[in-house]
Amino acid sequence: MKKNMNVEDNVKKTLNVLDTINTIKAPPFFKDKTMQRLFAEKDVIASVSIWNWFSPQLQLATLVCVVLVNVYAVKQINNSEYDASISSFASDYGISTEQEYSLFNL
Amino acid sequence: MSETEFIVQLKNKSEQAYNKLLDDFQQKVYATCISFVPNTEDAEDVAQEVFVEVFKSIHKFNGVSKLSTWIYRITINKCLEFIRKKNTKKRFAFLQSITGNAIPMDKTSYFTDMNHPGVVLENKENSEIFFYAINKLPEAQRVVFTLHKIDGKSYKEVSEIIDKSVSSVESLMFRSKKNLHKLLENFYKNNN
Chain A
1 MKKNMNVEDN VKKTLNVLDT INTIKAPPFF KDKTMQRLFA EKDVIASVSI WNWFSPQLQL
61 ATLVCVVLVN VYAVKQINNS EYDASISSFA SDYGISTEQE YSLFNL
Chain B
1 MSETEFIVQL KNKSEQAYNK LLDDFQQKVY ATCISFVPNT EDAEDVAQEV FVEVFKSIHK
61 FNGVSKLSTW IYRITINKCL EFIRKKNTKK RFAFLQSITG NAIPMDKTSY FTDMNHPGVV
121 LENKENSEIF FYAINKLPEA QRVVFTLHKI DGKSYKEVSE IIDKSVSSVE SLMFRSKKNL
181 HKLLENFYKN NN
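Top to bottom, those sequences are chains A and B. Under our numbering, the first residue of the first sequence carries the number 1, and numbering increases by one thereafter. Under our numbering, the first residue of the second sequence carries the number 1, and numbering increases by one thereafter.
Keep in mind that the hints were calculated from the coordinates and are not lab data. Take these hints with a grain of salt, some might be off.
Stated by the list, open to error - Below, computed lysine-lysine pairings styled on DSS-like, alpha-carbon distance capped at 30 Å: (1) B/Lys164 - B/Lys124; (2) B/Lys124 - B/Lys85; (3) B/Lys178 - B/Lys28; (4) A/Lys33 - B/Lys85; (5) B/Lys66 - A/Lys25; (6) A/Lys13 - B/Lys28; (7) B/Lys149 - B/Lys20; (8) B/Lys136 - A/Lys33; (9) A/Lys13 - B/Lys20; (10) B/Lys56 - A/Lys33; (11) B/Lys177 - A/Lys31; (12) B/Lys177 - A/Lys25; (13) B/Lys156 - A/Lys12; (14) B/Lys149 - B/Lys136; (15) B/Lys86 - B/Lys28; (16) B/Lys86 - B/Lys124; (17) B/Lys13 - A/Lys12; (18) A/Lys31 - B/Lys149; (19) A/Lys12 - B/Lys56; (20) A/Lys25 - B/Lys189; (21) A/Lys33 - B/Lys11; (22) B/Lys177 - A/Lys12; (23) B/Lys136 - A/Lys25; (24) A/Lys33 - B/Lys178; (25) A/Lys25 - B/Lys85; (26) A/Lys13 - B/Lys124; (27) B/Lys66 - A/Lys13; (28) A/Lys12 - B/Lys182; (29) A/Lys13 - B/Lys56.
Claimed, not checked - Derived contacts from chain A toward chain B, CB cut-off under 8 Å, selection only: (30) Met5; (31) Val7; (32) Asn10; (33) Lys13; (34) Asn22; (35) Ile24; (36) Lys25; (37) Phe30; (38) Lys33; (39) Met35; (40) Gln36.
Cβ atoms here follow ideal geometry from the backbone N, Cα and C, with glycine treated the same way.
In isolation and in its complexed conformation, chain B is listed as follows (with noise of 0.2 Å):
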């Protein structure tokens, strides 16, 4: 079956193209979403979601880009909506309980509760340190680090996904390791 069929398929929404959908995009759409939320539940709820989204607007699906790159498009507007939406109950609860200075990079300012199922236990602290900190960078280049180097996608990949010349992506990689590194140092001089 061509890709064509298969959207048509899924716009005619065939239970048979959705099982096929599912075992082909499950595992990336959850490695993904775990990549950005390091939670098990919160990245199952945010996977269901994407394919909920696929399904309902598949109609508007132009077939410009590949089937999967639109899959990860939204995969990623899920992952960010969800982040924001956390964020902004966590300063809001934030503000209620304190009175002044910045917020510090901690377990408390983070959006969920680490708990990623690929991290060696021995290495959970260092990691929910690691992912504090991309918690804090700007999110173009959250996107770009979290893709390339969590998700494993190529450069050319991530300039699909976010629609980008592969020369920006480098750009904001280089950014977003600058800066990553920039906050590790401040953190770790600070909690010496």
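Next comes chain A alone, as it looks inside the complex (with noise of 0.2 Å):
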């Protein structure tokens, strides 16, 4: 009974605490850093602003469109039909290291 009690009153007295509790100010200076940090952040938020537009879904789909333009570059280039090609090509021009003649070579 008497330890209830004595619960009761703490209890109690914790919750008196609320009242006691003084108004406080900001702390000396809190403008005067707050100033400083906000306007550095401005410096910063302007440089990062060059690119801005290219948000992240730009981004991903530049990078999509590389990767495709890629892999339709290499499957060209093992195709022997584009080999086939480019040979005829320069045999047309007289460039093919084939018809090559060097005065090494005789």
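Dock the two chains into a complex; use the hints.
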């Protein structure tokens, strides 16, 4: 019984703390420090804003395009028709290595 | 200068407008921060974060609510974010150091070193216990209790800030008081 009374007393005392908390003022120079931080951030934001248009979605789309173009190019290079057309083009214009003459080869 | 003009100036990042904003709100924002985070250094950091967020996000402010309400919402979000982060760190440290049992309501599980300049020295111990107990309340109850009882805002102001009706604020307040009482009772029963 006594223990319960003590507990109740302590709870009351603790809850009464609320009425004794004094209002406090912002720390000195808070405004100056914050202003300095805000306008330092402004410079950072301005320098970053050049690339603002290049959103993550655009970055992903660009990456996909580059990968697709590369895959297409690799496929074309590995294609045998491509080699044949290159060698016929080279022989037509006389730039094929097979038709090269050199004094050293004689 | 009307509020609309003032907001336009804030959106244009006018230094003069931010000077005025800080004059008007530094006290209020800091007071709310220290009510949630009872440590001078931490509260100052969080309050600064609030103004940085206002600076960055003012272009998103659509004027549906009052500027002050919007700033208070940012303040509460920043405070809760800070507490969540610190609590996670503490929980992680706790799990590393111990293998079982529920976390007791004590200094080791509290997210910061209690250092509230508004607390009278003779009440220091009781106020520490009081803040530890508040930290154990569910988030919605903690917000309402802190804003109304510690920061001294009216039910109407609280309802505008958390975007709920006055009756739900009252009900949250009732539940928070009841839970706080229970938490403190358990604490004193276990420690006597």
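Hints, one by one, checked against the model:
1. B/Lys164 - B/Lys124: Judged against 30 Å, a Cα distance of about 34 Å means the pair is violated.
2. B/Lys124 - B/Lys85: holds (25 Å)
3. B/Lys178 - B/Lys28: The hint holds at about 28 Å.
4. A/Lys33 - B/Lys85: holds (24 Å)
5. B/Lys66 - A/Lys25: Within the cut-off at roughly 24 Å; holds.
6. A/Lys13 - B/Lys28: Holds. A/Lys13 to B/Lys28 sits at ~28 Å (cutoff 30 Å).
7. B/Lys149 - B/Lys20: Between B/Lys149 and B/Lys20 the Cα gap is close to 28 Å, so the pair holds against 30 Å.
8. B/Lys136 - A/Lys33: Answer violated: B/Lys136 to A/Lys33 is near 33 Å, above 30 Å.
9. A/Lys13 - B/Lys20: Answer violated: A/Lys13 to B/Lys20 is near 41 Å, above 30 Å.
10. B/Lys56 - A/Lys33: Distance of about 17 Å is within 30 Å: holds.
11. B/Lys177 - A/Lys31: violated (35 Å)
12. B/Lys177 - A/Lys25: With a Cα-Cα distance of about 27 Å, the restraint between B/Lys177 and A/Lys25 holds, given a limit of 30 Å.
13. B/Lys156 - A/Lys12: holds (27 Å)
14. B/Lys149 - B/Lys136: holds (16 Å)
15. B/Lys86 - B/Lys28: The given pair, whose Cα atoms are some 23 Å apart, holds under the 30 Å limit.
16. B/Lys86 - B/Lys124: Given pair B/Lys86, B/Lys124 holds - Cα atoms ~22 Å apart, limit 30 Å.
17. B/Lys13 - A/Lys12: With Cα atoms ~49 Å apart, B/Lys13 and A/Lys12 exceed 30 Å; violated.
18. A/Lys31 - B/Lys149: holds (27 Å)
19. A/Lys12 - B/Lys56: Between A/Lys12 and B/Lys56 the Cα gap is close to 44 Å, so the pair fails against 30 Å, i.e. violated.
20. A/Lys25 - B/Lys189: violated (37 Å)
21. A/Lys33 - B/Lys11: holds (21 Å)
22. B/Lys177 - A/Lys12: holds (12 Å)
23. B/Lys136 - A/Lys25: Status holds; Cα separation ~27 Å.
24. A/Lys33 - B/Lys178: Violated: A/Lys33 and B/Lys178 sit about 41 Å apart, past 30 Å.
25. A/Lys25 - B/Lys85: Holds - the C-alpha atoms of B/Lys85 and A/Lys25 are around 26 Å apart, at most 30 Å.
26. A/Lys13 - B/Lys124: The hint holds at about 12 Å.
27. B/Lys66 - A/Lys13: This hinted pair is violated, its Cα atoms lying about 38 Å apart.
28. A/Lys12 - B/Lys182: Holds. A/Lys12 to B/Lys182 sits at ~12 Å (cutoff 30 Å).
29. A/Lys13 - B/Lys56: violated (44 Å)
30. Met5: Check failed: Cβ of A/Met5 comes no nearer than 11 Å to chain B, outside 8 Å.
31. Val7: Given a least distance of 4 Å, the restraint on A/Val7 holds.
32. Asn10: holds (5 Å)
33. Lys13: It holds, given that the least Cβ distance between A/Lys13 and chain B is near 6 Å, below 8 Å.
34. Asn22: holds (4 Å)
35. Ile24: Cβ of A/Ile24 sits 5 Å from chain B, so the hint holds.
36. Lys25: Since the shortest Cβ distance to chain B is 7 Å, the answer is holds.
37. Phe30: holds (6 Å)
38. Lys33: It holds, given that the least Cβ distance between A/Lys33 and chain B is near 7 Å, below 8 Å.
39. Met35: holds (7 Å)
40. Gln36: Hint violated; A/Gln36 Cβ to chain B Cβ min 10 Å, cut 8 Å.
In terms of the numbered hints stated before, the structure departs from hints 1, 8, 9, 11, 17, 19, 20, 24, 27, 29, 30 and 40, listed from lowest to highest.
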